[in-house]
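Novice: What follows is the residue order along each chain.
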Amino acid sequence: MSKTVDRSVPAVKKRINLNPIRIYQNLPIRYKLMLVLNLLMISSLAVLTFLNYKNSESSLTKKSTQYTQDLLKMMEYRLKDYVVNLDLITLGLLPDNDVLLDVSELSDSLKIYEDAYLIENHMKKEIFPRDEIQSAAFITTNGSYFAVDKSNKTISIKQLMPYNGEIYKKVLAKARESKGSPVFYLDTMNGRAENLFLARMVYNIHDYREIGLITMLLGKDYLKTALEDMVNEDTENIIIFSPDNDIIVDKNEVTDAELTEKLARIDDNSGWFIDEGRHCIVSYLIMNDKPNWKIISTVSLDSLYKDIDSLRKKMVLSSLAIVVLLSTLSSLMTTDFTRPFKKLIRGMEKVQNGDHNVQIVLNRKDEIGYLGEAFNRMVKEMKNLTNWVYQEQLTRKDAEIKALQSQINPHFLFNTLDSINWMAHLNNVPEISEMVTSLSAIMEASIGRDDKLISFSEELNYIDNYAKILNKRYANRIQLIKEIEPEVLDIKIPRLLIQPLIENAIYHGLEKDKEVGIIIITAKIIDDKVMISVMDNGEGIGEKELKLINESLSLDNETYYKSLNTGKRKGIGLDNVNRRIKLFYGDEYGLTIESKKNMYTKVYFSIPLTPVTNPSEGGDQAV
Amino acid sequence: MKINNLIAIALISFTVFAVTGCTNADHDLPAEEHPPEEKITLKFINSWGGSDPKAETLQQLFDNFMKENENIEIINESLFGDDFLIKLKTDFAWGNDPDVFGLWPGSDIKVLVASGKVADLTEVLEADPQWKNSFDYKMWYHTTFDGRIYGLPVEMIFEGLFVNTELFSKFNVKVPDNYTELKQAVITFRENNVIPIAFNCKAEGTYLYQNIAMMIGGKEAIENPIKNGKIDPCYIEAMEIMRELYELGAFPENLFTMTSVERNELFINKKAAMIAQGSWFVSALGDEECFDFIHFPAMTTESKNESRMIFGLGCGTFYMSQKAWNDPEKREASLKLMKYLTSRQAATLLAEQTGMLSNVFIYDYKINYNKLARKGINLTYSSSELIGPPDSYLPRNVWENVIVKDFPYVLEGKMTPEEIWEKALNEENY
Chain E
1 MSKTVDRSVP AVKKRINLNP IRIYQNLPIR YKLMLVLNLL MISSLAVLTF LNYKNSESSL
61 TKKSTQYTQD LLKMMEYRLK DYVVNLDLIT LGLLPDNDVL LDVSELSDSL KIYEDAYLIE
121 NHMKKEIFPR DEIQSAAFIT TNGSYFAVDK SNKTISIKQL MPYNGEIYKK VLAKARESKG
181 SPVFYLDTMN GRAENLFLAR MVYNIHDYRE IGLITMLLGK DYLKTALEDM VNEDTENIII
241 FSPDNDIIVD KNEVTDAELT EKLARIDDNS GWFIDEGRHC IVSYLIMNDK PNWKIISTVS
301 LDSLYKDIDS LRKKMVLSSL AIVVLLSTLS SLMTTDFTRP FKKLIRGMEK VQNGDHNVQI
361 VLNRKDEIGY LGEAFNRMVK EMKNLTNWVY QEQLTRKDAE IKALQSQINP HFLFNTLDSI
421 NWMAHLNNVP EISEMVTSLS AIMEASIGRD DKLISFSEEL NYIDNYAKIL NKRYANRIQL
481 IKEIEPEVLD IKIPRLLIQP LIENAIYHGL EKDKEVGIII ITAKIIDDKV MISVMDNGEG
541 IGEKELKLIN ESLSLDNETY YKSLNTGKRK GIGLDNVNRR IKLFYGDEYG LTIESKKNMY
601 TKVYFSIPLT PVTNPSEGGD QAV
Chain C
1 MKINNLIAIA LISFTVFAVT GCTNADHDLP AEEHPPEEKI TLKFINSWGG SDPKAETLQQ
61 LFDNFMKENE NIEIINESLF GDDFLIKLKT DFAWGNDPDV FGLWPGSDIK VLVASGKVAD
121 LTEVLEADPQ WKNSFDYKMW YHTTFDGRIY GLPVEMIFEG LFVNTELFSK FNVKVPDNYT
181 ELKQAVITFR ENNVIPIAFN CKAEGTYLYQ NIAMMIGGKE AIENPIKNGK IDPCYIEAME
241 IMRELYELGA FPENLFTMTS VERNELFINK KAAMIAQGSW FVSALGDEEC FDFIHFPAMT
301 TESKNESRMI FGLGCGTFYM SQKAWNDPEK REASLKLMKY LTSRQAATLL AEQTGMLSNV
361 FIYDYKINYN KLARKGINLT YSSSELIGPP DSYLPRNVWE NVIVKDFPYV LEGKMTPEEI
421 WEKALNEENY
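For the record, the sequence lines run as chains E and C. Residue 106 in this note's numbering is what sits at position 106 of the first sequence, and the numbering runs on without skipping anything. Residue 27 in this note's numbering is what sits at position 27 of the second sequence, and the numbering runs on without skipping anything.
Hints are computed from structural coordinates only; laboratory data are not their basis. Note that the coordinates shown come from a computational prediction; the quantities given were computed from them, not determined experimentally. Hints may contain errors.
What the hints assert, rightly or not - Using C-beta positions, here's what the derived DEER-type ranges look like:
#1 E:Lys169 / C:Gly95: 53 to 61 Å
#2 C:Glu253 / E:Thr154: 19 to 27 Å
#3 C:Glu253 / E:Glu166: 23 to 31 Å
#4 C:Lys336 / E:Asn204: 22 to 30 Å
#5 E:Arg192 / C:Asp287: 32 to 40 Å
#6 E:Arg192 / C:Gly249: 55 to 63 Å
#7 C:Asn305 / E:Asn121: 43 to 51 Å
#8 C:Gly95 / E:Asn142: 56 to 64 Å
Don't be surprised by glycine CBs; every beta carbon is placed ideally from N, CA and C.
Please model the complete structure; the sequences and the hints are all you need to start from.
Specialist: What follows is the structure, given as structure tokens:
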């Protein structure tokens, strides 16, 4: 008959409360702890991971752009070298100025051949070892064309830039404008340089008249290769734009109008931006000196963040692993923390349900362990106290009852035996056997059986037997009248509860005058009680004495037993019954005597109608 | 031990393993992040570059080769025409040796072999008889020096006269069979403002002069041009003929400064009626009906029944530099490339696409030669005498620095043929 309460799950409320604080408050401590620990842990890890990732990303972008800017600077230096070098080549490309002067004025084909041989061989020696130059040409103002091609291409410089052709004219105009300094010329198609020329005017050193135009067709692949060598694997593309935003080099040939337009709008000398469309970082630098090309490098963000993405994956994986680890640890810790409490709660429930033998085992020496030990000690003390009080009471009851019963039996047996003796001695009649039979019944009632409670009818049977014996003794002067409500007959009462009252009535009411003594036994139910009375028509009790007797009878057991110790013992029979009633039903019950001198004496008492329950469920105590 | 504790230990172990696993991941690069195997770069050069008809096919072969051998990169530095030789010699002189190169027979390869700059391939060929036997043995002597084989001859060349039959028909000119007819053709074309012969004063231009000398001198004179310190008279006479043709207006006006590309274009663009050229020229002309290839006319007043032809090896004769041979990695890669270039597949592709006459046996392949190539091959087989290219029997510097260079002076009459040859031979201390 124990109550079952599931403490791990909060009782279901009639209305589901969605207030998070309420939900939190209703959570078992174990879940609270786990929730808080996990929240702390996950949020800390998430924040740390995020910050770390963002820092790495920002640092990587910064480093990459810095690296790219440095790289662009280096490229600028290389391009400057390239330009200076080409400048020097143009200076050394032609033989003696006099030869040129001669060439510009000659019309003799053989002489032209000789000079051409001289000039072309000279140019061959200059350009053949140089990868950066594809072709070279010296075109005199009068149209003599001296050209050298490396011949690894299908088209020659003479075909590309014939005398008085469009390109020739443009190159010439540009070269004239620069007054002898080398100039770059881009032959473009759709914004891309098809051919890159470097040209300068050649002047007569005597009178500074124009002799001709020297020009070189530059190898674009050389530029591309030269710059490619400098970049790392993350660099996606290298682009060189002319000041007019024509593409000179486009490593991957992927630059489109959109990017060109973006770059055309750049007005500072260096910097970078992220091109979302291409998903890359575009870094740029404009050469300070001529030819003022824009050098651009693009670094793919995918490539750049490849490592950081890998780092991110590792961080997430590590975080997950740590979350798993910490969750496990927190779960274990929480369980470790809450399990003893659960045990304590279960222990308390058992104690609440009356089990005083509970002992919980926590196997720990911390505060919770101390709590467990304290609980165990407390339960133990509770048990000891309970046992002590209960047993003391029982022991005392038992002792009292045994003492009372032991008072009854010798007294009765003595008188009965005396009667038998008397009957046998005087009359020598067979009725003795009848008496003995009655006696034996009474003997059985007083000592023979272990039943502590008997029915009212059984008690009446004892009384009848008793009366029978006494009638033999008193020559039927005893008239026993029973006014018993039938409902009362089955009510259980302590054994020999009424018989001593009959005995008391006979002794005190009949013996003296030897007349017919009427004894009326009544038992009826009034409300929730059974009212029992034994009345005799004996000599009665004096008022004063009656008062004293009733005062004695009304004492509670505690006071009564204390009074016993003071030796004021009186009226064993009635006292016996009275104490048994009080022990059995409580101090509020007990005998009361009503009497009128020389008229009657009525002893009555009530007992509760509700069946008596033994505190220990059909317990063992003797009544 | 409780189950919970066991689970906890297992989880902690897993976590520690996972975390340390993550941390240590840096030490083990994923497969794709391992540095790629470094490429072996091979430098190649021959004259099949620029506007050479074989340039495209050669590059195609290289592309295929590189696709099949991803660890090898070929840098093709081939140049068209005379420039190639200058670059090749400059590269060797500067220690910038190519790994594999092609070179026609002549004094240049002899000098390179003698200088120890060319790898001896005898043993690798001996070790692979199937490979060696894939070449026509008759050509080995061109690449064999002191009994050792240095070069792998793939391309055979022939020379002759290419004519524009359309122009001949148009001006009712007979395709020349002898010198008289040649001169007549020159005169007629000149009168009709057609350049009779596309010729320029560059080394390649001298094919005309060489063919004339060959027709005059014959095999013995060409292959042994210098006797007792003197040049064979056929070279003197041929130069006289050249001057005569020049005077007849046989050549373009700016022949002294004209480039070889311009010269070829005169014929290709049908501005010139004739050109002395070789087999390498056939693919530049395509299948146009107007072009024909004939034996070079006899340099006699009347036709003869003899049909000589310049025949030999072209620049498709491949060598490996000693420098590449000395580098084990490059040696292996170079041999691989040479085996590829001399394979029957490569020879077939060259034959099919450029009309190359292959010295590697591809007889069992059906080659779809163009008309001119077929004609050339037929003429080669029907020639009464096949003679090696004359310039290959003379020192290159003599040829280039004197003969080619001073040719305009002979044409202009400023120098006599004797003087020029005397100057040439003196320069070489003959």
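Novice: CB of Lys169 (chain E) to CB of Gly95 (chain C), is that within 53 to 61 Å?
Specialist: violated (43 Å)
Novice: 56 to 64 Å was suggested as the range; check whether the CB atoms of Gly95 (chain C) and Asn142 (chain E) agree with it.
Specialist: violated (42 Å)
Novice: Between Arg192 (chain E) and Gly249 (chain C), does the beta-carbon spacing fit 55 to 63 Å?
Specialist: The hinted range 55 to 63 Å is violated for Arg192 (chain E) and Gly249 (chain C), with Cβ atoms some 46 Å apart.
Novice: Just to be sure I understand the hint, the distance between the Cβ atoms of Glu253 (chain C) and Thr154 (chain E) should be within 19 to 27 Å; is that true here?
Specialist: holds (25 Å)
Novice: Using the Cβ atoms, figure out if Lys336 (chain C) sits within 22 to 30 Å of Asn204 (chain E).
Specialist: violated (57 Å)
Novice: Does the hinted range 23 to 31 Å hold for Glu253 (chain C) and Glu166 (chain E) at CB?
Specialist: Check passed, 25 Å falls within 23 to 31 Å.
Novice: Given a hint of 43 to 51 Å, does the C-beta separation of Asn305 (chain C) and Asn121 (chain E) actually sit inside it?
Specialist: holds (44 Å)
Novice: I want to verify a distance hint. Is the separation of the beta carbons of Arg192 (chain E) and Asp287 (chain C) within 32 to 40 Å?
Specialist: Taking Cβ atoms as reference, Arg192 (chain E) and Asp287 (chain C) lie about 35 Å apart, which means the hint holds.
When the structure is compared with the earlier hints, violations turn up for hints 1, 4, 6, 8 and for no others.
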